Every structure is written in structure tokens, then in C-alpha cells.
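2 protein chains.
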Amino acid sequence: MEILHSKPVEDGFSMPAEFSPHSGCILIWPHRRDSWQNGAYAARTAFAELISIISRSEKVTVCARFEDYDEARRLLPAGVRVVEMSSDDSWARDVAPTFVTNGKKLRGIDWGFNAWGGLYDGLYFPWDKDNKMARKLCDLFMADCYDLRDFILEGGSIHTDGEGTLLTTEECLLGKGRNPQLSRQQIEQKLCSCLGVSKVIWLKRGIYNDETNGHIDNICAFTAPGEVVLAWTDDKDDPQYEISKECLDILESSCDARGRRIRVHKLPLPRPVHITEEECQGLDNMDGEPTRTPGERLAASYVNFYISNENVIVPFFGDENDKKAAEILGSLFPGREVAGISARDILIGGGNIHCITQQIPAVE
Amino acid sequence: MEILHSKPVEDGFSMPAEFSPHSGCILIWPHRRDSWQNGAYAARTAFAELISIISRSEKVTVCARFEDYDEARRLLPAGVRVVEMSSDDSWARDVAPTFVTNGKKLRGIDWGFNAWGGLYDGLYFPWDKDNKMARKLCDLFMADCYDLRDFILEGGSIHTDGEGTLLTTEECLLGKGRNPQLSRQQIEQKLCSCLGVSKVIWLKRGIYNDETNGHIDNICAFTAPGEVVLAWTDDKDDPQYEISKECLDILESSCDARGRRIRVHKLPLPRPVHITEEECQGLDNMDGEPTRTPGERLAASYVNFYISNENVIVPFFGDENDKKAAEILGSLFPGREVAGISARDILIGGGNIHCITQQIPAVE
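Those sequence lines, one after another, are chains A and B. Heads up: the first sequence begins at 19 in our numbering, then just goes up one per residue. Heads up: the second sequence begins at 19 in our numbering, then just goes up one per residue.
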């Protein structure tokens with residue numbers, strides 16, 4: 019693995035859309051006991067079900083800590099590869115490399131990672147194991163690696179259409195916990211030179227009470243060039259309404275890099291999901307303090323799906339809108355079968371299906 | 019990775035000779051401070067030089083502990099892959115899988131590993147990280163894995179000619195620290211059913227003072243079907259003389275699996291190598307006791323070479339026989355270039371070049 023100090027775009031590399039073909043997918047076996055209930059045993063079932071579905075059409079590599087390897091291996095299908103790798107938590111979207119290609123070769127970007135806000139408002143400390151993973155994953159996949167550790171970015175805070183347009187949120191990328199020394203313009207330049215985009219669409223905020231500082235991947239996602247789904251509620255008393263309406267207004271008044279108007283499909287949210295007292299009791303404290311409070315609203319959203327080569331895998335919450343969300347996504351991805359996963363145990367960790375996956379684009 | 023409970027031979031798999039084509043090679047970055055001088059910093063130079071030479075003609079994967087990954091990555095060529103993997107020490111020959119093929123597919127054997135003798139006369143405790151490596155390496159290389167953990171065997175205790183013959187020593191395989199519950203005949207059956215051999219040639223003992231209980235790979239190795247090199251001294255006062263003479267007599271009176279008489283090439287030993295007081299001071303104690311005593315004779319031997327696709331890589335000891343050993347091996351491997359490595363810092367760890375490498379046979 020070469021460590022590269024150039025920028026991907028000057029080398030002819032860019033980030034494909036998630037709905038382009040994948041050669042594989044990376045996940046991290048959950049283990050953190052203050053993130054995941056019951057020593058992470060609750061979430062393992064959902065992870066294993068998700069991995070099993072992805073592995074129908076993609077080569078899946080699961081990173082497990084030394085102490086988790088045997089159980090991960092036992093619980094996952096034989097066709098899934100399990101590799102030993104240390105991690106602080108299990109959010110592959112945010113700590114695995116962002117892969118770029120020139121159509122023939124694969125390379126990875128090693129962004130800086132500071133646990134969603136570092137010492138300003140990050141979610142745990144330390145995060146050194148997570149921050150080393152992108153480089154190690156490039157090494158594992160024998161992909162040369164762009165050293166962009168001086169720029170803090172998580173994969174969950176960006177979505178691209180593969181045709182020059184990027185979606186993100188101001189709440190996250192302009193927050194004080196990421197790159198406060200950079201201006202909005204400098205951040206745009208960095209995204210353009212690294213990901214091969216020429217147009218950045220800035221939404222204001224992400225899902226209400228999302229502890230990632232409003233990652234785009236929980237509120238809005240491309241389903242095709244020029245088309246997005248947006249997490250939506252019609253309940254004007256819900257604080258989410260104002261956020262989603264603001265996004266809708268921006269999107270409907272935006273053009274993408276090719277000059278197309280963005281077509282917005284509203285994806286209904288489930289009724290607000292609140293963590294129970296019993297669920298909170300399954301979580302270890304962190305530094306003596308609880309990580310969740312009984313009754314706390316979780317950032318549940320159907321937008322946090324993963325697009326595998328043959329499936330769209332959607333979080334289900336036991337809500338009446340589960341079916342509706344699946345129908346909408348089914349109609350937007352006609353070539354793929356929609357699969358729902360009971361995702362409450364992933365949601366309690368603070369994210370969902372998209373957050374725990376990272377696709378590897380296919381190359382020739 | 020499937021875990022297989024059949025035997026390789028019944029599935030049509032056998033172990034190729036080391037001089038057959040390789041697709042790659044596995045090593046483990048040294049770290050153990052009671053095995054390797056100066057916190058293993060001394061040995062790293064020799065490891066890096068060896069890895070660099072092997073990587074000229076093979077894809078090399080180096081396993082490094084989490085805490086060693088960054089430095090291993092920094093010190094190794096970009097074309098070498100470094101992966102995180104926990105280990106107790108750095109003897110890939112003995113802890114990596116023994117790979118078998120049917121010409122088309124690669125599979126690995128996960129033998130039991132007990133640190134060269136377990137609680138009877140093993141060299142360290144615990145050895146659980148080492149014992150987990152073979153399976154993890156099969157997983158990494160997406161090779162199905164034979165579960166033979168109930169049989170204790172190290173790769174360094176066997177050599178095959180790829181045509182049905184296996185070389186080993188009684189000192190090691192019949193010792194009390196490996197499989198004392200099995201008879202010689204049962205052990206032969208195990209070797210035959212796992213490695214695809216039909217003839218086992220049993221030498222008595224390995225190199226004098228070899229702490230592996232006389233691994234074959236330090237005293238005798240195939241250079242071609244029907245041909246071996248044997249570590250040799252003409253000094254009748256050296257306790258090694260009697261050992262080597264005994265081996266010679268056995269080999270010269272043996273036929274291989276195809277009925278060929280074994281042709282023996284004597285490979286001179288260096289003058290006896292003794293560890294110095296200064297070198298001993300560079301080693302941590304183990305459980306309060308020194309692992310080496312000043313003046314202790316080390317098991318130096320030129321037989322502990324590695325056959326890569328394009329090189330024969332031979333340990334050098336700063337001895338007048340370095341050149342002679344290289345010449346003999348050069349004549350026996352006409353298609354390969356001989357490369358010598360200053361190997362004293364590997365030797366101090368208790369083995370040599372062959373002990374720290376494990377080849378991956380090429381398949382279609």
C-alpha cells in the first residue's frame with residue numbers, strides 16, 4: 019500500500035454512488051458495552067442478519083477484535099470473511115476508508131476521525147483504534163491510500179450521486195467539533211478535490227437528536243442521479259417537521275452538478291422511538307455517566323438503508339410505516355429486492371444500517 | 019471459510035513441496051521481548067531485509083499486533099501487505115496454516131500449537147494467540163480450513179518433497195510434549211492422511227541444542243524430489259557430529275515414496291555460535307528467569323533457508339562457511355538466485371529464516 023499525498027481528483031479518481039456496483043462491503047463486529055445493549059449481544063443478532071443479506075450479492079469482510087473473533091466467526095455465514103482488527107466501536111461508514119476509483123483501480127481515503135466531535139462534543143475517548151482502521155483496511159484490500167488525516171470527516175456525513183453532486187449538512191461539516199479552522203468554502207474545495215464532485219448541496223440540519231451532529235445519511239440519500247429520499251413527517255408539532263421542511267425547500271430549489279432539478283421523494287418517518295428504562299439498564303455507563311436516559315428520543319429513520327448489489331436493506335422499527343417505507347424504496351430501486359431488518363438494537367447504538375456498512379466499489 | 023472435519027487426502031488435497039511455485043508468503047512481525055533482543059528492534063532489521071527479498075517474487079503478508087502495525091508498515095516496502103493480527107511470538111512456520119491444494123483450490127490445516135511442548139517442555143505460556151492464527155489466516159486468505167487442533171504439529175517439524183515423501187524427526191514428533199497419547203504408527207497415519215504422503219522418513223534428532231525438540235527444518239531439507247541437504251560437520255568432537263552422522267546413515271539407507279534412493283548433499287555448519295553476555299542483556303527475563311545464558315550454544319544452521327519463487331534465502335553468520343553454503347545451495351537450485359541475510363539476530367530468537375516464513379502454494 020502506497021501512502022499518497024496528492025488529491026484523488028488530480029489522479030483521476032472519484033467516489034462512485036452507492037447504487038453503483040460493489041465488489042464488497044466492510045462491517046465491524048459490535049462490542050462496545052456503553053453503546054450496545056447487554057455487552058453488545060443484543061445487536062449481534064441484527065448485525066448477523068444484515069451481514070447475511072449483504073453476503074448474498076457482495077463479498078463481506080467483518081472486522082472483529084481479537085477477543086471477539088471466535089464468536090463472530092461462529093455466528094456469521096462461512097462465505098463471510100472475518101479478520102482481526104482493533105476498533106473503539108463499530109461504525110464502518112465513519113471509520114472505514116471512503117473508496118474512490120478511476121474505473122480500473124481502487125484507492126481509499128483515510129480521513130481524520132475524532133469520534134464525531136473530538137474533545138469538543140465527541141461521543142467517546144479515546145478513538146485511536148478507530149482512526150487507524152481506514153489505513154489498515156486499505157492495506158488489507160491492497161488499495162493505495164490517500165493520507166487526509168488532517169481533515170476530519172466521517173463517511174456518514176456525505177452522499178454522492180456519482181455524477182458530480184454531493185449532499186451534506188451544515189450542522190455536521192460546519193460544526194465546531196470537526197474542522198473549525200476551515201471555512202465553508204475551504205471545506206467545499208476539499209470535498210471537490212477528494213471526491214470528484216463539483217456541486218455541494220448543503221442541507222441545514224440532520225435528524226432531530228441525532229448525536230452525529232446531523233449526518234446526512236440519516237435524513238437524505240440519493241436513490242439515483244437527480245433523485246433523493248428525504249425523511250419526512252407531516253406532524254407539525256414534531257421538532258423534526260421544521261428540519262425536514264427546511265431540507266425540502268433547499269432541495270427543491272437546488273440543481274445538481276449536471277443542472278438537473280432535484281426530485282424529492284418523501285420517506286415517512288416512524289413514530290418517534292424512545293429508549294426504555296429496561297434498555298438503558300442494558301448499557302454500561304461511560305466514565306461514570308449513563309450514555310442514554312430512559313425516554314430519550316432516538317434518531318430513527320428509514321433513510322439509513324444500505325444499497326447492496328441486489329438488495330436495499332432497510333431498518334424496521336415495528337412501526338406501521340415500516341411497510342410504507344419499504345414500498346417507496348422498492349419503487350425507487352426497481353432492480354433490487356427490499357429487505358427489512360428489525361433494527362431497534364442497532365438504533366440504540368446511535369445509528370443504523372447505513373452507519374455500520376461501507377461499500378467497496380467494483381472496478382474492472 | 020468453511021471449517022472442515024474431513025481429512026485433506028480424502029478430499030484430494032496434499033501439501034506441495036516448498037520448491038513448487040508460491041502465490042505468497044506469510045510472516046509475523048517480531049515483538050516478544052524475551053525472545054528478541056532490545057525489545058525486538060534488533061531482529062526487525064533482518065526481518066525487513068528478508069521480507070524485502072521475498073517480496074521480489076511473492077506477495078508477502080506480514081501479521082503485526084495492533085501496537086506494532088504502524089512501525090511494521092513504516093519499515094516494510096509498500097508492496098508488502100501488513101495486517102493486524104495478535105500473536106504470542108513470530109514463528110509463522112509453526113503457527114500459520116500448513117497449506118494443501120488439489121491443484122485448483124487452496125485449503126489450510128489448523129494444527130494444534132502448544133509452544134513446542136506445552137506444559138511439558140514448551141517455551142512460553144500462554145500460547146493462545148499463536149494457536150488461533152492458523153484459522154484466522156485461512157479466513158484472511160478465504161481458504162477453507164481443516165480442523166486438526168487435536169493433533170499438535172508445527173510446520174517446522176515436517177518437510178515434504180511434493181511426491182509422497184515426508185521428512186521428520188523422532189526427537190520432535192515422538193516427544194512427550196506433543197502427542198504422547200499417539201503411537202508412532204498413529205502419527206504416521208495422521209501425517210499421511212493430512213499431507214498426502216505415503217512414506218515418512220524418520221531421522222532421530224535435530225540440531226544440537228535446538229529448543230524446538232529437533233525440528234527437521236534446521237537439519238535437513240529437500241532441494242528436489244529424492245535430494246536433500248543435511249547440516250554437517252567433520253568435527254568428531256562436536257556433539258553435532260554424531261547427530262548428523264546418524265541422520266546420514268538413515269537417509270542413505272532410505273528410499274522415498276517413489277522408490278528412489280535419497281541423495282544427500284552435506285551442507286557444512288558454521289563454527290558453533292554462542293550467545294554473548296551483551297546479547298543476553300538485551301533480552302527480558304521470562305517469569306523472572308533468563309531465557310538465554312551467556313555462552314549458550316545457539317542452533318545455527320544453513321539448512322534453515324527459505325525457497326521463494328526466485329530466490330533461496332540463506333542465513334549468514336559471519337562465518338567462513340557462509341560462502342560455501344551459498345555455493346552449494348546455488349548449485350542445487352539452478353533456477354534461483356541465492357541471497358544471504360545476516361541472521362544472528364534471528365538466530366538469537368531461537369530459529370531462523372525458514373522458521374519465520376510460511377509459503378502459500380500457487381493454484382490455478
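The set of hints was computed from the structure by calculation and includes no laboratory data. Check each hint, because a few of them may be wrong.
Any copy, or any two copies together, can satisfy a pair, since identical chains are not distinguished.
[Unchecked claim] Once the Cα atoms are required to be at most 25 Å apart in a straight line, the calculated BS3-like pairs of lysine-lysine come out as:
#1 K77 with K122
#2 K342 with K284
#3 K122 with K263
#4 K123 with K208
None of these values were measured; they are calculated from a predicted model.
Comparing the hints with the structure gives:
1. K77 with K122: both (18 Å within a copy, 21 Å between copies)
2. K342 with K284: Within one copy only: 11 Å inside, 79 Å across.
3. K122 with K263: neither (41 Å within a copy, 59 Å between copies)
4. K123 with K208: Only inside one copy: K123 and K208 sit 22 Å apart there, 45 Å across copies, limit 25 Å.
When held up to the earlier numbered hints, the structure conflicts with hint 3 and nothing else.
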